[in-house]
Amino acid sequence: MNIDSIQNGIVIDHIRAGGAMELYRLLGLGELDCPVAIIKNAPSRKLGKKDIIKIDAARDIPLDVLGFVDPDATINIIRGGVLVEKKHAGLPERIESVLRCRNPRCITSVEPGLPQIFTLANRETKTYRCIYCEARAER
Amino acid sequence: MKHLIDIRDLTQAEILELLDLADAIVADPAAYREVCRYKKLATLFFEPSTRTRLSFEAAMYELGGQVLGFSEAASSSAAKGESVADTIRVVSCYADIIAMRHPKEGAPLVGAMHAGVPIINAGDGGHNHPTQTLTDLMTIRREKGRLSDFTIGFCGDLKFGRTVHSLIAALSRCAGVRFVLVSPEELKLPSYIKKDILLEQGLPYEQTTDLHAVMPELDVLYMTRVQRERFFNEEDYLRLKDSYILTPEKLENAKAALSILHPLPRVNEIDAAIDDDPRACYFRQARNGKFVRMALILKLLELA
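These protein sequences, in sequence, are chains U and D. Counted the way the working numbering counts, the first sequence spans residues 556 to 694. Counted the way the working numbering counts, the second sequence spans residues 50 to 353.
No wet-lab data here; the hints were simulated from the structure. Virtual Cβ for every residue (Gly too), placed ideally from N, Cα, C. Mixed in with the good hints there might be a few duds.
Said to hold, decoys possible - Computed cross-link-like contacts, DSS-like style, restricted to lysine-lysine with a CA-CA straight-line distance of at most 30 Å: (1) D:K348 to D:K304; (2) D:K88 to D:K208; (3) U:K642 to U:K681; (4) D:K304 to U:K681; (5) D:K290 to U:K681; (6) D:K243 to U:K681; (7) U:K595 to U:K641; (8) D:K208 to U:K681; (9) D:K244 to D:K208.
As the list claims (entries may be wrong) - Heads up, incomplete: computed chain D residues facing chain U, CB under 7 Å, no partners named: (10) S132; (11) K153; (12) E154; (13) G155; (14) A156; (15) H176; (16) L350.
Only chain U is shown next, with the shape it has when bound in the complex (with noise of 0.2 Å):
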């Protein structure tokens, strides 16, 4: 299978396999208009299989909740067809307008027009919770 390098980019490796259809929709990547791959299950030392996203735009695109998602993803930044930086993406203290609350009495449920945020409440048990309501994050 061909998928051409890209020129200017970001390119989301090392996803568990299975992943990134749920990280294309978390990331919104469905609205952007430049291209987007996706490869499912390729092969992977370290993992056996994996997903890879490729995403050939120079653009801001909220990675934060892929530490959330997916901690052991690598995240690899291409300009002029060039590696420029590599990073894992970590766990973020804090996931903006990403995740919805779930949580029927939160005040985020009759007031949508409120920022949608989340903090990272416990880094072992890789808990967020809503800033207003508390509830957990759910995907």
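Put chain D on the given structure of chain U with help from the hints.
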């Protein structure tokens, strides 16, 4: 700008300072009668709660201040679809301090993000009710003479009972407190509170459905009401509402120095026959609520 949204916003030293001030007001209320002259408290109650609202209003009047506000969402601009943020921005123009109750969790935090004056969370759904916690702490300290080294039993609705959650969080900072959690299976303390507070800090606790068996161990018994408004399902409410009713017989094996607290209002979970028992503290607790709210208003307005 300082607000009180969650009891955890306060350090232990700040809590003790508030309780000391509340005790000082109890000892000499006349000294505080004019301290809030020309100051206005807005009580914004998007959900009715006569008791808490009256307690705040009495507190402000006793400090010489004045009160404005509404007691239900229907008589506020929220009924016209105004956001919490806008309501608070507007009321900040008219009042020096705001006490706000809202049925949705986190609404007072939204208020605090947009307020030009201090916001006090007077209860947000099943989430937080920090002035009730201050009231509870003040009552325990006045009744026991200390805020450490006792066994406290929480009985009733420990799942939706926000007063329970906040008080457990506050007492987790006090030394030598042992927690006994008494509830039906369906209304057990949420596991995240158990994990994040009790287990995380290695605090001693016991979970049971049998109040009688643990009664002799208790120094403080915190009773709660099973609240109809916290259930989406009426059948569940009817099935669980009478789970624990405290009667004189159930107190037979209790300590003579037990202190029985209840955030009120009660429905039938404490038999009226117990009201005259010196161990019943809940009406003194309601009175303490006014004093601790006076102390809080003074601190947030930086008048004490």
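Tested hints:
no.	hint	verdict
1	D:K348 to D:K304	violated (37 Å)
2	D:K88 to D:K208	violated (38 Å)
3	U:K642 to U:K681	holds (19 Å)
4	D:K304 to U:K681	violated (43 Å)
5	D:K290 to U:K681	violated (36 Å)
6	D:K243 to U:K681	holds (17 Å)
7	U:K595 to U:K641	holds (21 Å)
8	D:K208 to U:K681	holds (23 Å)
9	D:K244 to D:K208	holds (14 Å)
10	S132	holds (6 Å)
11	K153	holds (4 Å)
12	E154	holds (4 Å)
13	G155	holds (2 Å)
14	A156	holds (4 Å)
15	H176	holds (6 Å)
16	L350	violated (26 Å)
The structure fails hints 1, 2, 4, 5 and 16 (numbered hints given earlier, in ascending order).
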